[in-house]
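As a plain string of letters, each chain reads:
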Amino acid sequence: GAVVSQHPSRVICKSGTSVKIECRSLDFQATTMFWYRQFPKQSLMLMATSNEGSKATYEQGVEKDKFLINHASLTLSTLTVTSAHPEDSSFYICSATTGGEYNEQFFGPGTRLTVL
Amino acid sequence: SQKIEQNSEALNIQEGKTATLTCNYTNYSPAYLQWYRQDPGRGPVFLLLIRENEKEKRKERLKVTFDTTLKQSLFHITASQPADSATYLCALTGGGNKLTFGTGTQLKVEL
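In the order they appear, the protein sequences are chains A and B.
The numbers in our numbering rise by one with no breaks, and the one at position 65 of the first sequence is 99.
The numbers in our numbering rise by one with no breaks, and the one at position 58 of the second sequence is 68.
Rather than coming from a laboratory, the hints here were simulated on the basis of the structure.
Please note: incorrect hints may appear among the correct ones.
Claimed, not checked - In silico EDC-like cross-links for lysine to aspartate or glutamate, where the CA-CA straight-line distance does not exceed 16 Å:
{"hint": "1", "chain 1": "B", "residue 1": "K108", "chain 2": "A", "residue 2": "E93"}
{"hint": "2", "chain 1": "B", "residue 1": "K81", "chain 2": "B", "residue 2": "E62"}
{"hint": "3", "chain 1": "A", "residue 1": "K75", "chain 2": "B", "residue 2": "D49"}
{"hint": "4", "chain 1": "B", "residue 1": "K108", "chain 2": "A", "residue 2": "D61"}
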């Protein structure tokens, strides 16, 4: 149980285009989903926290107009990178939690974004 | 400022030996600490969670200790195998349900 999927796993796009990444909890309802970004040889950096039906909470330094997050249901959150540029190339990972005692997070497999 | 430090140098050990990884933190008072495994190009996989009032936690070949005085956690893999080769991340909750990750330590288990 507690499986989280992401789609697509890899995407290559031209500079200036927008890219949407989906995160789904397959066998549980997630009260909260999180979006992280990971650059090579670095740790996961939290970008935003997303709760179903409400606006996402962004971490300091993350542009909310550039990284649009929609949490339409308890099993789906989407991250849209708008007007992507080469510096947005990174590994994007989502996680989901059921809000149990320890708020254990279950991570998706990640999406590799390459902006040319 | 808050900081989580893991040894950035890769740890190379021989198969069958015990691997010990370290996680040190400053300016945190975490209620609990978690360890994850991450393989290249994949998301982290949860391994173990230890609460602040627990000294030690075990799961199969894994053991985690948590010393809130030293502000340190040690992660041990006994009887290591080449399949244990991966990057291991420690993570703390600074507040609410947000996790902050260390940079991870890469473990290589050689035959």
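Hint check results:
With a C-alpha separation of about 11 Å, the suggested pairing of B:K108 with A:E93 holds against the 16 Å cut-off. For the suggested pair B:K81 and B:E62, the alpha carbons sit about 10 Å apart, so the restraint of at most 16 Å is met. With a C-alpha separation of about 12 Å, the suggested pair A:K75 and B:D49 falls inside the 16 Å cut-off, and the hint holds. A threshold of 16 Å between alpha carbons decides the hint, and for B:K108 with A:D61 the separation of about 22 Å lies outside it, so the pair is violated.
Going through the hint list in order, the structure does not satisfy hint 4, though it satisfies all others.
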